[in-house]
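Using the hints provided, position chain Y relative to the given structure of chain A.
Line order of the protein sequences matches chains A and Y.
Here the first sequence is numbered in this note's numbering, starting from 1 and rising by one per residue.
Here the second sequence is numbered in this note's numbering, starting from 1 and rising by one per residue.
Hints in this document: simulated from the structure, not taken from any laboratory.
The structure presented is a predicted model; accordingly, all values stated were derived computationally and were not measured.
Don't take every hint at face value.
What the hints assert, rightly or not - Short derived list, chain Y residues pointing at chain A, Cβ under 10 Å:
#1 R13
#2 G22
#3 L24
#4 S29
#5 S37
#6 F38
Ideal placement from N, C-alpha and C gives every residue a C-beta, glycine not left out.
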Amino acid sequence: MIGVLICQIVLSIALASVFLIRPALTHAASWKILAFLGLCVLPALCIVGGMNTHVQRSEQTQFCISCHVMIPYGQSLYVDDPSHIPAQHFQNHRVPADMACYSCHADYTIYGPLKDKLQGLKRIYMQYLSTPPDPAAIRIAGGFKNAQCLHCHLGARDFDGNAVHAALLESLKSEQTSCLTSGCHDTAHDVANLNHLKLWRPAQ
Amino acid sequence: MKIREIGTGRLLRISSFLVILGLLLEIVSLLWFHPLSFVLFAFLAASLIGLGILLYLVSLVFVAAPQAGNTPIRPPVAGR
Numbered sequence: 001m002i003g004v005l006i007c008q009i010v011l012s013i014a015l016a017s018v019f020l021i022r023p024a025l026t027h028a029a030s031w032k033i034l035a036f037l038g039l040c041v042l043p044a045l046c047i048v049g050g051m052n053t054h055v056q057r058s059e060q061t062q063f064c065i066s067c068h069v070m071i072p073y074g075q076s077l078y079v080d081d082p083s084h085i086p087a088q089h090f091q092n093h094r095v096p097a098d099m100a101c102y103s104c105h106a107d108y109t110i111y112g113p114l115k116d117k118l119q120g121l122k123r124i125y126m127q128y129l130s131t132p133p134d135p136a137a138i139r140i141a142g143g144f145k146n147a148q149c150l151h152c153h154l155g156a157r158d159f160d161g162n163a164v165h166a167a168l169l170e171s172l173k174s175e176q177t178s179c180l181t182s183g184c185h186d187t188a189h190d191v192a193n194l195n196h197l198k199l200w201r202p203a204q
Numbered sequence: 001m002k003i004r005e006i007g008t009g010r011l012l013r014i015s016s017f018l019v020i021l022g023l024l025l026e027i028v029s030l031l032w033f034h035p036l037s038f039v040l041f042a043f044l045a046a047s048l049i050g051l052g053i054l055l056y057l058v059s060l061v062f063v064a065a066p067q068a069g070n071t072p073i074r075p076p077v078a079g080r
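Just chain A, same shape as in the assembly (with noise of 0.2 Å):
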C-alpha cells in the first residue's frame, strides 16, 4: 500500500518538477491539464493517501509503543496471568494482536478517531515538548469507559450468559457501575509491579 502511494508521490513530484524547470510549457492546452494533474489533482489525492496511511499506522501496537512511556504497557500485555485483562484480551487474540491499544482505547463514537488523534498529539507534545509523566501514574482522562469494553462484549453468548453481567446490564450501559474499577475486573496494565510478574513469552 505504501509502495502504491510512494509511486504516486514519485509521478507527482516528476510533473511538478517539469513545471518547475519549464513553467512556459503551460501556454498550450494539453500541458495545462497536465499541470492542472501535476499542481493540483495528483498532490491533493497525495495528501488523501499520506493521511489515510499515516491514520492506520497510529493504530497498530508497535506505533504505541514506540513512545518510551508506553513501553511498560507493551510489555504489560505478556503478564502471564489471566486475570490481567489487557493481557488476557492480547495473548487470546480477543483483540487484535497488531492493534491491541487501539481495539480497547479507541473512542467508539462518531467523532472518536478525530478525538482520539487529538488526545495522540498532546501525547506528542508532552513527550517531546513538557515533561513525559512516570509510566505508572498515567490515567486515562475520565476513566474507561464501559462502551469500549460493550462494544465488543455486548451481545456475545458468555457475556450475555453470565448473571452478574446480565443483573447489571443497564447499569454498565449507563456507566453507573463501571466494569473495571468495581471489583469484577479490576487488574488491567499493572505497570508498577511489572518486574515482579512472570511474563508469557509466545513460541516463534
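Structure of chain Y alone, referenced to chain A:
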C-alpha cells in the same frame, strides 16, 4: 504588489517548488516509523502541498483571467 505583476511563470515555479518539497517530506514521513512522522506529515508536508495547490489555483484564477480594462467593447450593430 498585485498577483498579476508576479506573473504566471513565477507563481507556477513557487507552486511547483512547494508541492515538490511537501511531497519529499511526505516520503520521509512514510518511511520513518515514529510518532513524530505523523506530525511531520500533518503540520509540514500536507501544509506545504496544500499551499502549493492553493498558489496554483490562485495563479489560474487571478493571472489567467482577462483584464477587464483591456476587453474591447463593441458598439451595438444598428438594425439588429
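So, going through the hints one by one against the coordinates:
1. Hint on Y:R13 holds. Least Cβ distance to chain A is approximately 6 Å, under the 10 Å limit.
2. Because the smallest distance between the Cβ of Y:G22 and any Cβ of chain A comes to about 7 Å, under 10 Å, the interface hint for this residue holds.
3. Here the hint on Y:L24 is kept, as its CB sits about 7 Å from the closest CB of chain A, short of 10 Å.
4. The restraint placing Y:S29 at the interface with chain A holds, with a minimum CB-CB distance near 7 Å, inside the 10 Å limit.
5. Hint status for Y:S37: holds, given a least beta-carbon distance of 7 Å to chain A, under 10 Å.
6. Hint on Y:F38 holds. Least Cβ distance to chain A is approximately 5 Å, under the 10 Å limit.
Every hint, counting from the list given before, is met by this structure.
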